[in-house]
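> Sequence:
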Amino acid sequence: MLKIKYLLLMILTFATFDCKGQKEDSIKIKVKKMDTTKNNYGIEGLKAPEWKIEQWVDENGNKTKPIQLSDYNGKFKVVYCFQSWCPGCHSIGLPSLQAMTDALKDNDNVKFLAVQTVFEGASSNTYEKMLEVQKKYNLKIPFGQDNGDDSTRNISNIMYNYRTGGTPWFIFIDQDDNVVFNDYHLNTEKAIEFLQTIK
Numbered sequence: 002m003l004k005i006k007y008l009l010l011m012i013l014t015f016a017t018f019d020c021k022g023q024k025e026d027s028i029k030i031k032v033k034k035m036d037t038t039k040n041n042y043g044i045e046g047l048k049a050p051e052w053k054i055e056q057w058v059d060e061n062g063n064k065t066k067p068i069q070l071s072d073y074n075g076k077f078k079v080v081y082c083f084q085s086w087c088p089g090c091h092s093i094g095l096p097s098l099q100a101m102t103d104a105l106k107d108n109d110n111v112k113f114l115a116v117q118t119v120f121e122g123a124s125s126n127t128y129e130k131m132l133e134v135q136k137k138y139n140l141k142i143p144f145g146q147d148n149g150d151d152s153t154r155n156i157s158n159i160m161y162n163y164r165t166g167g168t169p170w171f172i173f174i175d176q177d178d179n180v181v182f183n184d185y186h187l188n189t190e191k192a193i194e195f196l197q198t199i200k
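Sequence positions in the sequence shown follow the working numbering and run 2 to 200.
Don't take every hint at face value.
[Said to hold, decoys possible] Below 25 angstroms or equal to it, Euclidean Cα-Cα: the simulated DMTMM-like pairs (lysine to aspartate or glutamate) are:
no., residue 1, residue 2
1, K76, E51
2, K76, E60
3, K78, D177
4, K130, E60
5, K64, D109
Keep in mind that the hints were calculated from the coordinates and are not lab data.
Generate the whole structure from the sequences, applying the supplied hints.
This is how it looks when you write it as structure tokens:
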């Protein structure tokens, strides 16, 4: 324990000396660079790439033709990424999605989609499990099964192209197909307030 305290003291001391004598602006730049590179996930601020997901079901769990991002031109899109075996998806993500879909069920300008973005456990996170999740949470929105392909090294197409950091994950895409939110952390109440302003 004493060694750990000594090591921590040495690190803090050298960190302090490293900044001594530098101009304030150069310190700010270093801090800013550290802050922006610590999280390499998401593509917030960029155009949303079209996805290639072949397996979809409609709001009633019936197979449907592949859904494209372009099917919702001019609409605000909320994409929820999950895996059926993910505890956080069941304890946090899916309840958040339920709350948002309930609050916005009469707003035709906001479209919700859920996609099982398989990046591990492909034998557990199956199409059948995706259907079970849709039914369990009574989510009347389209669901997709995204196992990826050779072009994405057999991980989810959305995970690969939108640089998601796992599951649960929310992606908000505006009416002009710009990604305006792409993250794990979502304040559900604030999200609902924001989405209710979309007319």
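> Give a verdict on every hint.
Structure-based check of each hint:
As the CA atoms of K76 and E51 are separated by approximately 15 angstroms, the hinted pair is consistent with the 25 angstroms bound. Distance hint between K76 and E60 is fulfilled; the C-alpha atoms sit about 17 angstroms from each other, no more than 25 angstroms. A distance of roughly 10 angstroms separates the Cα atoms of K78 and D177; the hinted pair therefore holds under the 25 angstroms criterion. Between K130 and E60, the direct Cα distance comes to roughly 16 angstroms. Compliance with the 25 angstroms bound is thereby established for this hinted pair.
Taking the CA atoms of K64 and D109, the gap is near 22 angstroms; set against the 25 angstroms cutoff, the hint holds.
When held up to the earlier numbered hints, the structure conflicts with none and fits them all.
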